[in-house]
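Protein chains: 2
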Amino acid sequence: MVCARLKEMPETAPVLAFALELPSWIPEALAQAPAASASLAEKMRWVIGLSRTNFEKDTGGPFAAAVFEESSGRLVSVGVNRVVPGQCSSAHAEVMALSLAQRARGTHDLGAAGAPAHQIVVNWCPCAMCCGAICWSGVRSVVIAGSGPDLERITGFDEGPIHPTWPEELRRRGIAVSDGLLREEALEAFRAFAASGRTVYNGRRG
Amino acid sequence: MVCARLKEMPETAPVLAFALELPSWIPEALAQAPAASASLAEKMRWVIGLSRTNFEKDTGGPFAAAVFEESSGRLVSVGVNRVVPGQCSSAHAEVMALSLAQRARGTHDLGAAGAPAHQIVVNWCPCAMCCGAICWSGVRSVVIAGSGPDLERITGFDEGPIHPTWPEELRRRGIAVSDGLLREEALEAFRAFAASGRTVYNGRRG
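If you read the protein sequences in the order shown, they are chains A and B.
Here our numbering is used: position 124 in the first sequence is 121, and no number is missing along the way.
Here our numbering is used: position 67 in the second sequence is 64, and no number is missing along the way.
There may be inaccurate statements among the hints.
With a straight-line Cα cutoff of 25 Å, these simulated DMTMM-like cross-link-like pairs (lysine to aspartate or glutamate) come out [as the list claims (entries may be wrong)]:
1) K54(A) <-> E156(A)
2) K54(A) <-> E25(A)
3) K54(A) <-> E182(A)
4) K54(B) <-> E149(B)
5) K54(B) <-> D106(A)
6) K54(A) <-> E149(B)
Here are some chain A residues the structure puts well away from chain B; computed CB gaps all over 12 Å [claimed, not checked]:
7) A16
8) E53
9) D55
10) E91
11) H105
12) G143
13) P146
14) D147
15) R150
16) H160
17) D176
18) A189
Example chain A residues on the side facing chain B (calculated, C-beta under 10 Å, incomplete) [what the hints assert, rightly or not]:
19) V12
20) E18
21) I23
22) P24
23) L37
24) C85
25) M126
26) I151
27) G153
28) G157
29) I159
30) R180
31) E181
32) L184
33) R188
In short, the hints are calculated from the structure, not lab data.
Note that CB positions come from ideal geometry on N, CA and C, so glycine has one too.
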């Protein structure tokens, strides 16, 4: 009897949509974005600067990412961590940057036939979730400032159950991984975050 | 000289926000949601039904998820895959359901102190990204219909580089994992998806 399985609508009807947006200071930061012809190090330095501005202005955690066209070097999108203000635990910098790049391109697949190759530049190793998000995004390469236990040690953020050989897993899917660009500058921003006493917003851990 | 690193705004200004929404048939489906007192199997059957409706109506891939309060059994949110229509490779069913639950609760952390425990019910094993997303969400338990190579074999979807011992990784973070509820019914929906000839929208794979 089907009716026995029906129920009234819940007292509070489920939410059917959500939106995520970058902080209000981003347009100003975009005006100082590195030129398309800038070196990868200059692009990473800008991204690290965004990671620092984001926590200094209390608009999210100390993480930032940007998507560029690989061959032209043009900026396609930028993302910063929006977990707490966006009330969304998935609103990591990489997910923001990738989602905004896809919206800009009008497709879920940045690797679609005929599209220019896309690269994501991030101020640290992606967490378990973002590693998967990068796989699905269609980007062809990932450039990170660093990886390893330093982030967790300095800030207390949990990187989650990332695959033990994730760079090989990405390469197998046609995504190049480059690690160690401006590592010390990235760590310096994390040390500043830790010294600021701001919230580490990991989800509940048992 | 700072000016040398500046550039004009790109020809197309980067997108600063994005929104994701459930399909227009969801309110009708919610009117037939199982009662809070319904068994977990009844809840899973409803979720599997959503996974099937989603591809039949061409509103996304064959995946659905719902978040319930563990003790009351009340529905908090529902999600279906919205990757292609949402132009967002992260818009998997679990990310949709978790983000909408967090929006409904007004916090990024469904495991916040004082909050009721939350459970996510999904029609298959989470992919690498969603496994991480579940870790960050604050849910206390995950119930899946099945796992293993059958989904990939039947449909061609790639599950990505999920951690080889992901259930243990989740348990270590205080998240219980239960696998195998209505496995055959879930596989039946995937077989129907495969037979329908609809798009498998994996990101480019090298």
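Now for the hints, and whether the structure bears them out:
1. Proposed proximity of K54(A) and E156(A) is supported: the alpha carbons are some 23 Å apart, at most 25 Å.
2. For the given pair, K54(A) sits about 13 Å from E25(A) by alpha-carbon distance, which is consistent with the 25 Å threshold.
3. Of the pairs offered as hints, the one joining K54(A) and E182(A) holds, with about 19 Å between alpha carbons and a cut-off of 25 Å not exceeded.
4. With a CA separation close to 22 Å, the supplied pair K54(B) and E149(B) stays within the 25 Å bound.
5. Between K54(B) and D106(A) the alpha-carbon distance is near 21 Å, which keeps this suggested pair within the 25 Å criterion.
6. Taking the CA atoms of K54(A) and E149(B), the gap is near 44 Å; set against the 25 Å cutoff, the hint is violated.
7. The beta carbon of A16(A) is not kept farther than 12 Å from every beta carbon of chain B, the shortest such distance being approximately 4 Å.
8. Non-interface call for E53(A) relative to chain B: holds, since the shortest CB-CB distance, roughly 19 Å, exceeds 12 Å.
9. For D55(A), the shortest C-beta to C-beta distance to chain B comes to about 15 Å, beyond the 12 Å cut-off, and the non-interface label holds.
10. With a minimum CB-CB distance of about 9 Å to chain B, E91(A) fails to clear the 12 Å threshold, and the non-interface call is violated.
11. The claim that H105(A) is not at the interface with chain B is violated, since a C-beta of that chain comes within 12 Å of its own (minimum 5 Å).
12. Under the 12 Å C-beta cut-off, the non-interface status given to G143(A) relative to chain B holds; the minimum distance is some 19 Å.
13. With a minimum CB-CB distance of about 16 Å to chain B, P146(A) clears the 12 Å threshold, and the non-interface call stands.
14. No beta-carbon of chain B is positioned within 12 Å of the beta-carbon of D147(A); the least distance is around 20 Å.
15. For R150(A), the non-interface assignment is confirmed: its Cβ lies about 18 Å from the closest Cβ of chain B, beyond the 12 Å cut-off.
16. Against the 12 Å criterion, H160(A) falls within the reach of chain B, whose nearest CB is about 4 Å from its own CB.
17. Distance check on D176(A): its Cβ is at least 16 Å (rounded) from any Cβ of chain B, clearing the 12 Å threshold; non-interface status holds.
18. Its beta-carbon lying about 21 Å from the closest one in chain B, A189(A) satisfies the requirement of being farther than 12 Å from that chain.
19. Annotation: interface hint on V12(A) holds; nearest CB of chain B at approximately 5 Å, less than 10 Å.
20. For E18(A), the interface hint holds, since its Cβ comes within 10 Å of a Cβ in chain B; the closest pair sits about 3 Å apart.
21. Taken as an interface hint, I23(A) checks out: its beta carbon lies about 6 Å from the nearest beta carbon of chain B, inside 10 Å.
22. Using the Cβ-Cβ criterion of 10 Å, the hint placing P24(A) at the interface with chain B is satisfied: the shortest such distance is roughly 7 Å.
23. Annotation: L37(A) was flagged as interfacial toward chain B, and the flag is violated, the nearest CB pair being 13 Å apart, outside 10 Å.
24. Interface restraint check: C85(A) against chain B, minimum CB-CB distance 5 Å, threshold 10 Å, status holds.
25. At its closest, the beta carbon of M126(A) sits 3 Å from a beta carbon of chain B; the interface hint therefore holds under the 10 Å criterion.
26. Against a cut-off of 10 Å between C-beta atoms, the interface hint on I151(A) is violated, since the closest Cβ of chain B lies about 19 Å away.
27. Taking 10 Å as the C-beta contact cut-off toward chain B, the hint placing G153(A) at the interface is violated, the least distance being around 14 Å.
28. At about 5 Å, the closest approach between the beta carbon of G157(A) and any beta carbon in chain B falls short of 10 Å, and the interface hint on this residue holds.
29. For I159(A), the interface hint holds, since its Cβ comes within 10 Å of a Cβ in chain B; the closest pair sits about 7 Å apart.
30. Taking 10 Å as the C-beta contact cut-off toward chain B, the hint placing R180(A) at the interface is violated, the least distance being around 21 Å.
31. Given the 10 Å rule on beta carbons, the hint for E181(A) is violated: about 20 Å separates it from the nearest Cβ of chain B.
32. Because the smallest distance between the Cβ of L184(A) and any Cβ of chain B comes to about 22 Å, over 10 Å, the interface hint for this residue is violated.
33. Taken as an interface hint, R188(A) does not check out: its beta carbon lies about 23 Å from the nearest beta carbon of chain B, beyond 10 Å.
Checked against the numbered hints above, the structure violates hints 6, 7, 10, 11, 16, 23, 26, 27, 30, 31, 32 and 33; every other hint is satisfied.
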